[in-house]
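Sequence order for the protein chains is X, E and Z. The opening residue of the first sequence carries number 1 in my numbering; numbering runs sequentially from there. The opening residue of the second sequence carries number 426 in my numbering; numbering runs sequentially from there. The opening residue of the third sequence carries number 707 in my numbering; numbering runs sequentially from there.
In short, the hints are calculated from the structure, not lab data. Glycine residues also receive a C-beta, built at the ideal position from the N, C-alpha and C atoms. Among the hints, erroneous ones may be present.
Label-pair restraints from in silico Cβ distances [as the list claims (entries may be wrong)]:
{"hint": "1", "chain 1": "E", "residue 1": "V453", "chain 2": "X", "residue 2": "V56", "range": "37 to 43 Å"}
{"hint": "2", "chain 1": "E", "residue 1": "F690", "chain 2": "Z", "residue 2": "I726", "range": "25 to 31 Å"}
{"hint": "3", "chain 1": "E", "residue 1": "F690", "chain 2": "Z", "residue 2": "I923", "range": "33 to 39 Å"}
Here are some, though not all, of the chain X residues that point toward chain Z, as calculated from beta-carbon distances under 10 Å [what the hints assert, rightly or not]:
{"hint": "4", "residue": "S40"}
{"hint": "5", "residue": "Q181"}
{"hint": "6", "residue": "S400"}
{"hint": "7", "residue": "K420"}
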Amino acid sequence: MKKITFIFFAVMFLLFAGTIFAGGSQDSAENGVVTISMASGTVGHELDVLKEQIAVFESENSDIKVNLVPLPESATERHDLYVTWFVGQSSDVDILMEDIIWPPEFGAAGWLKPLNEYIEKYNMDTTDFFQGILDVNTVGGEVVSIPWFTDAGLMYYRKDLLEKYGYNPPVTYENLKNIAQDIMEKEGIKNGFVWQGASYEGLTCSALEFIWGHGGDFIKDGRVVINSPNTIAALNTMKDFIDSNVSPKGVISYQEEDARHLFQNGDSVFMRNWPYAWKLAQEEDSPVKGKIGAMANPTGPNGESSATLGGWNLGISNYSENSEAAFRFIMFLTGKEQQKYKSMNTGQNPTLKTLYSDPEILKVNPFYESLYDVFVGAKGRPGHVKYAELSNVFYTNVNSFLVGNINSEECVETIETECKTILSN
Amino acid sequence: MNPATGIKKKILRLNSLLIVFAVVFTSVFPLYWAANTSFKTRNEIFNQEQTFFPKTFIFSNYIEVFEGRKFERNILNSVIIAGGTTIFSLSVGLFCAYALARLKFRGKYFVLSAILVVSMFPQISILSPLFILLRNLRLLNTYGGLILPYTTFSLPLTIWLLTNYFREIPFGLEEAARIDGASYYQILSRIILPLAVPGLVTSGMLVFIQTWNEFLFALAFTITDKTKTIPVAIAHFQGQYETPWGTLMAATVIVTLPLIILVLFMQKRIVSGLTAGGIKE
Amino acid sequence: MKKKEKTKGQNRLSEGKLAIILISPALIIILAIAIFPLLQTVSYSMQYFDLRFPLKQEFIGFQNYGRMLHNRVFWDATWNTVFFTVVSVSLEFAAGLLIALLLHRKFIGRGIVRASVLVPWAIPTVISARMWQWMYHDQFGIINYVFIKFGIIKEGIVWLQNPETSMISIIITDVWKTTPFMALMLLAGLQLINKNMYESANIDGANSIQKFFHITIPILKPTIMVALIFRTLDAFRIFDLVKVMSYGRPPTLAYINYENLIQFLKFGYGSAISIFIFIFIFIFAFIYMKSLGKKFER
């Protein structure tokens, strides 16, 4: 009995001591075949296309295998995950999909592998990339990520309804409001204009378009300039949409998908969203297939039509043990051929200028041509290392304002004070 | 007894019945609603008109839970990590509890205080140094990287429960055995251990459930599906563009059902475990 | 050194030494994984330690604490956390007591009732969060649906994102989830009460209310104390629900702590918040330990 008990405990102990190191990262090089891991969204169209691209790449490069690491959909969650990986100095993930606002932050922290040496070694042509996007991906003179696909905020509208009632697409927000109200009444549609007003990064994107459209700004050249009459006017315009019931009260909780649901179901006349919504709205089972149009954002007085620059870029973790193999895959994905394939199958915008005049692409995404200027002129959010903190202050206060807890003056004052504090620390 | 009292009693009984019904209803409704949703089609879910039973009954959500994700792996991870924690915690806690319950030594209060302090810990307070510690030990994204902290934080509960169980065992048995010349080891294995089995089972279950449930550390210390546990997988559950509520609710049911069954069968033990030690005397 | 004399000589170990051997694994683990990192956090909290500026790490004394105490978001979060704790625990206590009283009597189907009461407790918090999040959905949630059908409201409330309702929503879910625990603890306490006391009270002509306040509550006091303190400590640390269900609304201390560490990479400042939370909890724990201290005198 004694022996059995002892053996039992010993075995148990050993078994579980053994699991301590289990589940860890595997050796990534066997027989000269290197396995690289790429963090990406992994469901639906995006995944299918990526899988196909991986198959092609692996067949052309027999010494590399690509493994996908799934990511949550929310950009904030992705950011948090990346941070834990970086601080943990994990070599488990080689390639990371980065939101356009992260390279300055990650680059400054030294978490991204500088890519200039590989760009030179493999003679990668970077001239066809949109310069503005490439600049955001360059930190301290070194390129730290390669632009993969880009995004800009667009105004979607019900082309069929506007035509029916003899309206031209609105150029001002005032105009948009009137058209929306009219059509809402005549067609019995519940919502006039849906956008993203939840307390998250997407609100910063939406709100900046309103603000720039009224001639205001948030942070310019590293200085906080948000406290201006133009910005206040922009905020009031946003609130007015809600107060006049053109935008539903629920808009203060909407992210991209919530807005798209409504618009695609035919429950809204206008929608502010990213280009991805186009393809989905044109699918077979969409109630608004063939009935929509997309245009540049309207403006308020004093401003010019603006779109917030979005988009995702591919970087390599500085803790990766296979950075060269990773770079070869990135070069493949961001090359002309693959970007074209991706654009035609997911509707996501390429980052190469010449593709915007490619006839095959234009057949699938006709608005690339008409909106080319919007994409080229899309404005970036403040590219500062502390952007996450600054944006957090911005969107929590703007959301508070939209809900009605504070007025527009208090809102901009609080943002101004707190952002100045953050920048001075 | 006058008729008024009789009616009063009836009203009281009716009230009690209503309250019982309300309690059961509130406790169980969210789970029922989740199950209800899990069997519906997308159109029926995202509909202004809600139904309390699916008009069209489908199983595809349950299949989709495992497509494009490694959910089976997440379940396995949770089982291994919770199981490992339970075994470690019981082993380590067992010895410690015996010492605390049966032996005299200086510094007992110090040990007890240390243990109690740990049970009051806000885990968030040590997230960063623990993270860096695990990193330096190369334990991130490993089972050990979670089992170790989980064991630490389940020790107070285990030690607490087992100490109480041990105190129940009459000293006389031990005395007699020692007089007969039994070694400590023999006393432990032949007398104490068998008597402590109920306590071990209860503690084991509570530790298992507590670990199964944990979110914060799992979120921070797991990187890939190799070690990701169920709570993190559920938190990260996504569809391409929208939260796939039907599939998510199916995952919820899948994870919850075994737990519910476990709890139902063991409720007596759980109740006695939860309440032991806190309310003695 | 208290050593117990061995009458028969088979064991050479003294009780004290044996105790050390038996306790050391637990103690080592606790010191290494809990206590030592805590000291590290204290150390970080006194440094400028920002991962976005990795080269600037340096000792700065209490500056982080100073900044924290002057920060509006910090005070908002503190208030939210205190409010949440007080309201949540009160509701749990009331509901728990009610359920405990209910289950105390024998009636048909008591087993089923007790089993169903345990259901919320058995479900992992993250999963409860998702279930409730779905019920709270502003367009397709069952709660809005029922309210609208009954005419209580005209259009769906955005429960989780609207600052006016997000706190209540979180509280309700938390109360749902933790009342079973409270109920069980109180039930065990009830079962310690000697029925004879009620008998004598009946003979004296006491009514239900008098019996409740003069017998039940006083005897239940220690149980209530334990349950309340336990739950208060837990409620104060609330994180899972706020993170998963409402994405940081309303912000609580644990949430902004996590946010500062992981979102903003401010390890120094975030650690100051961590220590603040710890001290707050420690004071409570101290009270708890004091009240139970006498139990371990032997």
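Okay, the hints, checked on the actual structure:
1. Checked against the hint of 37 to 43 Å, the C-beta distance between E/V453 and X/V56 comes to roughly 52 Å, which is inconsistent with it.
2. About 39 Å separates the C-beta atoms of E/F690 and Z/I726, a value inconsistent with the hinted range of 25 to 31 Å.
3. Separation of E/F690 from Z/I923 is about 34 Å and conforms to the stated range, judged on CB atoms against 33 to 39 Å.
4. Taking 10 Å as the C-beta contact cut-off toward chain Z, the hint placing X/S40 at the interface is violated, the least distance being around 21 Å.
5. The interface hint given for X/Q181 is violated, since its Cβ lies 18 Å from the closest Cβ of chain Z, which is over the 10 Å cut-off.
6. Annotation: X/S400 was flagged as interfacial toward chain Z, and the flag holds, the nearest CB pair being 7 Å apart, inside 10 Å.
7. Annotation: X/K420 was flagged as interfacial toward chain Z, and the flag is violated, the nearest CB pair being 14 Å apart, outside 10 Å.
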